[in-house]
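**Q** The lines below spell out each chain.
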Amino acid sequence: MKLGDLILKIFTLLVFALMYGPIVMMLAFSFNDSNVIGAWRGFTLHWYYELFSSVDIWNAFRNSVLVALVTAMASIVLGTLTALAMVRYSFKGKNVLDGLLYVPIIIPEITEALTLLLFYLWIGWGLQMGFATVAIGHIAFSVAFVFVIVRARMAGFDRSVEEAAKTLGANEIQTFFRITLPILLPGIVAAGLLAFTLSFDDFYKSVFTTGPAFDLLPLKIFSMASRGGVRPELNALATIALMISMGFALLYQWISKK
Amino acid sequence: MSYIQRLIDKLRQRKQIIPVALLFPPLIYLALFFFIPMSTGFLYGFGMIDRFYRFTQSFTVLHYIRAFDYTFLLIFSRSLLIAGLTAVLCFFIGYPVAYTIALKMRRFRNLLMILVIIPYWVSFLLRIYALINVLQFFDIYIFSGLKISIMGSFLGVMTGMVWDYLPFMILPLYASIEKVEVSILEASKTLGASSLKTYFHVTLPLTAPGVAAGTILVFVPSVGEFLIPYFLGGVTEYMVGNLIWELIMKAHNYWLGSAISTIVLTIVLVIVLIYMKYGGGEMAF
Amino acid sequence: MQASVELIDVTRCFGDVVAVNNVSFSVRSNEFFSLLGPSGCGKTTTLRIIAGLEDPDRGTVKLRGEVVNDVPPYKRRIGMVFQHLALFPHMNVYGNVCFGLKMQKFPSSEFKSRICKILENVDMPPEVFIKRRINQLSGGQQQRVAIARALIVEPTVLLLDEPLGPLDLKIRQRMQIELKKIQRRVGTTFIYVTHDQGEALTMSDRIAVMNEGKIMQIGNSKEIYMNPKNKFVASFIGETNFIEGFCKSNETFEAKDSNLVIKADVPEDFVKKQAGLCIRPEKILIGRSLQKNENVFDGMVEEAWYLGSSISLRVRLTAEIVLKVQAQTVDDSIASIRLGDKIQVRWPKHNATVIPFE
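Protein chains in written order, with our numbering: chain Z, 1 to 258; chain V, 1001 to 1285; chain C, 2001 to 2358.
With the rest of the complex left out, here is chain Z (with noise of 0.2 Å):
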């Protein structure tokens, strides 16, 4: 092996390490018994508890998968119309919509979210903040990236399959639902395991959007890491939400493949 390879090697394991570096420690740390982080005294799972049995916690969890879940379902609908429309057909003003439907994906997350708050403020919804709100916001950003995927898909999309089932009988509807829809199917789930990830995680948006009744998920770890800084039930907090977006990653390679 030449030196320049080896180089190259070692320099890309070492920013690997680095890269996970810090999550393993947090993962580590999680299990520590000790209220400082730092020092090993012994594994427990004493933090796990404590979380299991907060309440509030629960409540900003249970928040924050509703949330989600009603943002993965609606973004798939309009998401899956909108790739159906812009793949299939072709009409004026056609390429100004693509455009615009690239916005809400580059535009900076501060902005979107603050654009929201003028926007419910404006029409009198300032008082009524919480999940309406917050779910209405994410799924405007959401749609956008379902839209982008499953038009990806696509186009790969082999359309003579429809012609054949046309020439079998299958009228419009029938082709669409047994046909076109079934084979796309693995791109939409693949969308909405996005759309309910962007949703989960979540910050800016939601902590603009929210009212005092409705916790959320980032916003609590957010307000613990203000007060408290490192806390090892934080860090077992993070490591569950973390096993949680490593597992949708894994799913979400898996069904691309289908």
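Hint data in this document are derived by calculation from the structure and do not stem from the laboratory.
We put the CB at the ideal spot given by N, CA and C, even for glycine.
Fair warning: there could be bad hints in the mix.
[Stated by the list, open to error] Pairwise CB distance ranges (calculated):
#	chain 1	residue 1	chain 2	residue 2	range
1	C	Gly2187	V	Leu1111	29 to 35 Å
2	V	Tyr1053	Z	Ser223	23 to 29 Å
3	Z	Gly42	C	Arg2132	56 to 62 Å
4	Z	Tyr20	V	Ser1149	21 to 27 Å
5	C	Val2271	Z	Lys92	29 to 35 Å
6	Z	Leu251	V	Leu1206	29 to 35 Å
7	V	Leu1111	C	Pro2038	28 to 34 Å
8	Z	Ser223	V	Phe1052	27 to 33 Å
9	C	Glu2154	Z	Phe91	37 to 43 Å
10	Z	Ala213	V	Leu1111	52 to 58 Å
11	C	Asn2135	Z	Lys92	36 to 42 Å
12	C	Asn2022	Z	Ser256	47 to 53 Å
13	V	Leu1206	C	Val2071	32 to 38 Å
14	C	Asp2057	V	Ile1004	28 to 34 Å
[As the list claims (entries may be wrong)] Some chain C residues well away from chain Z (every beta-carbon gap over 12 Å; in silico):
#	residue
15	Phe2025
16	Pro2072
17	His2084
18	Glu2110
19	Arg2149
20	Leu2159
[What the hints assert, rightly or not] Chain C regions said to be covered by chain Z (calculated; three or more residues, Cβ under 8 Å):
#	stretch
21	2087–2093
22	2096–2108
Fit chains V and C to the given chain Z structure using the hints.
**A** Here is chains V and C on its own, set in the frame of chain Z:
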């Protein structure tokens, strides 16, 4: 079902209707909850909505003028600088990694790329928190009583930025490096170019789209970054994101905040448009 | 007997391009009918118009004697085999084949028996294949499933769009024979699109040769080959020689730019007109002549390829006329012809066809 089908048969004659019908729900939704809010931001910035959240007829550039105040300009330029520095550092660290995975570690590349992709799926907040776990230890004691920490410093912010955004640079780079056919590089070598020369004259130019994509993916969100300077920076690392946060959450000055946010958005859009013109191509997920 | 499929003056444009230009033909029941032509000649578009997947700009499409212009494809009772087969990837063989039965509301009690019968008809034993997934089948097997799927609903006509294209040569030749057998067995009208003239000549009862959206000639294999009606058909099918010239009388043809006078069977409407003379290379004989109705000319061999069972020559008659000649190597005198040899070529006048001047 059959009623709908008869309707569709009639519509088949007028083909323009179908895409419009399909698009109707998403477009209504997006118009209501994305594009109108975006313009609302505009309205606030120009003072066309008052403190009771009603639409007024008055138009003012007062807020924008205030936005260009010296302190704010300082914060803007600092944000752009930090974002630029982040992009550059991510490039110099990320390119060798992407290159090595794509060309030198072929057997492991699927595994390694999954490791690269996972951070995309993990919330930013969680990753910063994990980083804090580690960074809080880096206190250097100089003489007795004098402490230099990474937390709350420029070094801390830069560490956080690069650590957080690195995967976003690696993936696009990897994607474009991977597309380069190995036989092209081999041809270059047979024509007399050393490995280094091949890299500069062949590999790098061929992977330019990936470089552009990665730079955009890192630079654009970095400008508006809030969480990293908040947790890892001190007063001198205050960025546009922090500014907007304070204006909105603490001072409830939606008008100035809106103006500043719009300015940031415009700069970002201009940069992306320039990229699309000269770089082109879609972002693949 | 009522035509199975009939097209009357069908035209279809894509922007500025006229893909199908006033095409008319009718196909009889139980006929194996081919649309033959080079890429872009409009044959696939014509097929899709018959299927209802494209609408003609002008003209009438009739199936079983009824006008079907406004009838959507799923009501036309046609079957179609697509170029890349278009099998449903998310269903197995059973699912694919019974799809048509479900959509067209055949009684479900008959499904199993119908499916088994059609699979046997295409030589795929049901016990083995019925549960297989599509991606577990070979190219030839997928072909048969596609055909079975389309035939099971007893369509009026089966439309095939270059179905044998992606197959290996040997398999393709075997499938050609299979398809012909299946057509005879099942008795359905087949309309077959291809660019391969060998395929069309072997399999078809009649062929329509198309070029640039127009039908150049319709006829059976022998007619198309022996009596081409124009230059395109003559040169697209097999090899041919052209001589441009003038029909002096109903028995003589004078070649352009030279004094060569050729005895030919000139049809009445070509007399005293400019025309072309068309002779197939294998219809030119070598050697001395004794027949009165034959043309005999001296020529020099400019190129000679020995192909084993035959010899392929380019023989120059005059400054402007060079003929391709293909002769079986029946004896040594023919097999030993070389470059530069002076030989005599001859052909009976009925071996040549007069075609319009272009």
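**Q** The hint says 52 to 58 Å between Ala213(Z) and Leu1111(V); measuring C-beta to C-beta, is that right?
**A** For Ala213(Z) and Leu1111(V) the Cβ distance comes to about 45 Å; the hint is violated.
**Q** May I ask you to test the hint 27 to 33 Å on the CB atoms belonging to Ser223(Z) and Phe1052(V)?
**A** holds (30 Å)
**Q** Do three or more residues of the stretch 2087–2093 of chain C come closer than 8 Å to chain Z, measuring C-beta to C-beta?
**A** Since 4 is at least three, the answer is holds.
**Q** At 12 Å, judged by beta carbons, does Pro2072(C) keep clear of chain Z as stated?
**A** violated (7 Å)
**Q** With a C-beta cutoff of 8 Å, work out whether three or more residues of the stretch 2096–2108 of chain C approach chain Z closely enough for the coverage to hold.
**A** Per the Cβ count (4), the hint holds.
**Q** Quick check on a hinted range of 29 to 35 Å for Gly2187(C) and Leu1111(V), using CB atoms only.
**A** violated (58 Å)
**Q** Is 21 to 27 Å a correct range for the gap between the Cβ atoms of Tyr20(Z) and Ser1149(V)?
**A** Holds - the Cβ-Cβ distance for Tyr20(Z) and Ser1149(V), about 23 Å, lies within 21 to 27 Å.
**Q** Given a hinted range of 28 to 34 Å, is it respected by the beta-carbon distance of Asp2057(C) and Ile1004(V)?
**A** Since Asp2057(C) and Ile1004(V) have Cβ atoms about 29 Å apart, the given range 28 to 34 Å holds.
**Q** Do the beta carbons of Leu1111(V) and Pro2038(C) sit within 28 to 34 Å of each other?
**A** violated (50 Å)
**Q** Confirm or reject: His2084(C) is not an interface residue toward chain Z, with every Cβ-Cβ distance exceeding 12 Å.
**A** Per Cβ check, His2084(C) is inside 12 Å of chain Z; nearest 6 Å; violated.
**Q** Just tell me: holds or violated, for the beta carbon distance of Glu2154(C) and Phe91(Z) against 37 to 43 Å?
**A** About 39 Å separates the Cβ atoms of Glu2154(C) and Phe91(Z), which means 37 to 43 Å holds.
**Q** Can we confirm that no CB of chain Z comes within 12 Å of the CB of Leu2159(C)?
**A** violated (8 Å)
Checked against the numbered hints given earlier, this structure breaks hints 1, 5, 7, 10, 13, 16, 17, 19, 20; the rest are met.
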